[in-house]
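Chain by chain, the residues run as shown.
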Amino acid sequence: MSTPAITPAGPDVETPEVAPAPRRMFRFGGARRGGGPVTLGIGVALALGLVTVALVAPLLNLADPMQTDLTRRLNPPGTPGHLLGTDQLGRDVLSRVLAGARWSLGIGSTAMLLGVTIGVSLGVAAAWSRSWLRTVLTRAIDIGISFPYLVTAITVVAVVGRGFWALALTLGLVCWPPVARVVYAETLGLREREYVLAARLMGVRAVSTVANHVLPALRPTVQVMAAFTFAEMMISESGLSFLGLGAPLGEPTWGNALSESRSYLATAPWMMLAPAGAIVIAVLAANLIGDGLTARSRRRGERLGS
Amino acid sequence: MADVAVPATATATPAVAPARMLRAVGRALVTRLTQLVALLLVVSTALFFLLRLSGDAARVLAGENASPETIELVRAQYGLDRPLVVQYGVFVGQLLRLDFGTSLYNGQDALALVLERAPATLQMSALAVLVSALLAVPIGTWLGARSGGRARNVVTVLISCVQGVPGFVTGLLLIQVFAVWWGVLPSIAGSGWTSLPLPILTLTAFLVPQLIRVLAASTGEVMRQDYVRTAVANGAGRGTVVARHALPNALLGVTALLGSQFAALMSGAMLTEFIFAWPGLGLLLINSVTTLDFPLVQATVFVIAVLVFLVNLAMDIVFQVVDPRLRRRAA
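Chains as they are written, first to last, in the numbering used here: chain A, 1 to 306; chain B, 1 to 331.
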């Protein structure tokens, strides 16, 4: 994007000679040159599959996830009618895992949207403001990053109470600092780009400049952060439920299922393996999308020669 | 080695260095201290209002089945009948004297209870960091120094997969395999050294992939630097170049990551402690949060905040001492 600007002379003189080299490092994370799109493709396919299965599950004529049947407790996988077996109350493990997917994806996306919105707003505001406001905002971001957000989330959820919205909002309100830091750093750079400078010099209002020039340029970064935040939020949600502090007890969520499975590891390992597998697939999908997007925006950057 | 790292600008005479280093360390100290004060103020204020916002604080503090008389007694005892501003003033005063009150359940001093638990958490985290470093440094350097090949791709994919497994799922899987199926290691803490491997492995699995990634990326970057090219041109062998030039610089990145990941490590340690009944800060926090033992919650969060601060400060100082470029930039 940037035309050959006034780059400081010196080390850059050699640039043409070294230019092809960066690719070597960037291949890490993807397989080969085409690693980015492949990674992204697998991630998107996994994610789409998961979302579809989660949404279609209620139509599939599976067992009711809440239906207990004490005559069929701890049935192993493969039992007729219970593909993944049953739990300690005779409930169908498969339909509970699918119900858990709806819960986890719902909380993950709500918390991620909230956290990314806050993070982007604060990051851009910190980079755009001057003097004391910037100091306050960057300090706030530093403090937020240096504190274990799960500690905050646990404390807040314990007081606010359990449930979908309590959990989603709490997680969303504590997960923004990494997003804000990355956006802040990137916006500082964008501020000095020629087209942004031009807009500012022509007297375009700050709000319009940010909306028309900065936010679009931030999109690749924000997409990557969103994917990783989403993974992080699903992990946190199931972690909190696992601790007994997230979802209401008895609700079919992955964390609750894992928590219940702890007493039956010796007799019914499928109770643990099924939700564990579901979490791993979901997190992997989000991470692959994040990696793929990173690779894609890097390649774009290389192509444009910036 | 430091001189090799900055060949172009390594002009500072050794005589000036100590004074400069002291100044840099002092600056780091001041920055971090202001951060600590701000952090503690924010955290404790949040906790203060959280308890009051949760409804009738006296009822929470008195416990679930308290009679109305007990609740009134608690209200008077904790000064909850006074205006909010006065309460906050009293609260901050107590905070400055490190007086967190006593646990609502066994009446012991909250801070003492928390400090008793801190060594267990630190022990586990330190061992996990050590094991992670021993695993990540060779693998990460190898990955970064190589530019392609099938083995490298396989390792890369493996790392991505391990990174996709949340810490507490790793813990459960390890219990399933080592404690339930093979029966070789105990699944909970308290049986001597045999209870160490599983929790430490859980935390290690959480740390190692990130460490490897950062190490590989920074080694790869260093390998493209001019001074490495010069070394190669001068006839230095591949092993020498990696060990003497690439690794020291790459390790800086790892140290930085460990510092910035300490908060995440504490989150991970919390779940790990819960799974393995490890008597550390995390388990204490979870238990006191579940029982709404607020003095204990406040003391635990406070101590965790101070721990995070101390680790970050230590990292800052290590950086100033180890990396001469930072001092020069700041001066």
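Read the hints as simulated data drawn from the structure, not as lab findings.
In this text the structure is predicted, and so the values were computed from the model without any measurement.
Glycine residues also receive a C-beta, built at the ideal position from the N, C-alpha and C atoms.
Watch out, some of these pointers could steer you wrong.
What the hints assert, rightly or not - Examples of chain A residues toward chain B, derived with CB under 7 Å:
no.	residue
1	173
2	197
3	242
4	266
5	272
Violated constraints from the hint list, given by number and in increasing order: 1, 2
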